[in-house]
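Mapping of the sequence shown onto the numbering used here: residues 999 to 1268, in sequence order.
In short, the hints are calculated from the structure, not lab data. Nothing here was measured: the structure is a model prediction, and the numbers come from that model. Heads up, a few of these hints could be off.
[Said to hold, decoys possible] FRET-style restraints, in silico, Cβ to Cβ:
id, residue 1, residue 2, range
1, D1024, D1137, 25 to 33 Å
2, P1172, V1151, 17 to 25 Å
3, D1024, G1177, 39 to 47 Å
4, T1260, P1172, 29 to 37 Å
5, D1146, D1024, 54 to 62 Å
Ideal Cβ placement from N, Cα and C applies to all residues, glycine included.
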Amino acid sequence: MTKTRDWTYEGVLGRLTARTWEGPGDPSRIVVVAHGYGEHIGRYERLAARLAADGAVVHAVDYIGHGRSEGERVLVTDFEDVVTDLHTLAETAGRDHPGLPVVLLGHSMGGLIAARYAQRYGDTLAALVLSSPVVGRWDAVAQLLALDEIPDVPLDITTLSRDPAVGERYAADPLVWHGPFKRPTLQALERGLDAVAKGPSLGDLPLMWIHGESDTLVPIEGSRAGITHLRGPHYVERTYPEARHELFNELNADTVLDEVATFIRDAAPR
């Protein structure tokens, strides 16, 4: 049985809501999860429960402007601040469980945040997992910024997963943002992509990249350039034919979760 605890802490620009998942017995590792744009930590229950059952204590936080945290909805003016907030979370986790190895897992926009985190704080990590990450080239940012007005067009929920229930739950979730991008957030994303591209490779840090081959939200080939820049000798790549954007909510999610859990267990053993 996984135990869940919600708590808050002060971030750079406001109060943030975090969640901790812990399985039975003493944990063997810490996993910090960085969620995607417009969503929240409550959408990661399945992933967290799987990792907690495997011996991890899992921590995640709603970014500023997301979920139950403070701030104007989906307004992020500088992703360096979000990285700093995530580091505060990891430091708290380390104080609660001193001596345990820390693994960082980032999905989508959280992949950008996690990649930048690893460039800044890689010496504190045992491994990094990037799921459908916004790194390398993401054409949607430049296309939207070129417009005089950002269109208020709802996300096509069929792009999330081949399981229609995933999109239906997303569309009905009041903690998910269903409005348009905000220009300052897009500008911050553009700067964040540039910072990762100009930042260092991750050297010997073990890296796992997972991506759906039919992901139209964050196309796989755009991310590949960023992964090529980041990766070092300890690298695992898993791509999944026909899978879409949210691999932890896909029809083959059990396989994905098993492969991610195995990588994490090998990189940060008991």
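Results for each hint:
{"no.": "1", "hint": "D1024 x D1137: 25 to 33 Å", "verdict": "46 Å, violated"}
{"no.": "2", "hint": "P1172 x V1151: 17 to 25 Å", "verdict": "19 Å, holds"}
{"no.": "3", "hint": "D1024 x G1177: 39 to 47 Å", "verdict": "43 Å, holds"}
{"no.": "4", "hint": "T1260 x P1172: 29 to 37 Å", "verdict": "35 Å, holds"}
{"no.": "5", "hint": "D1146 x D1024: 54 to 62 Å", "verdict": "56 Å, holds"}
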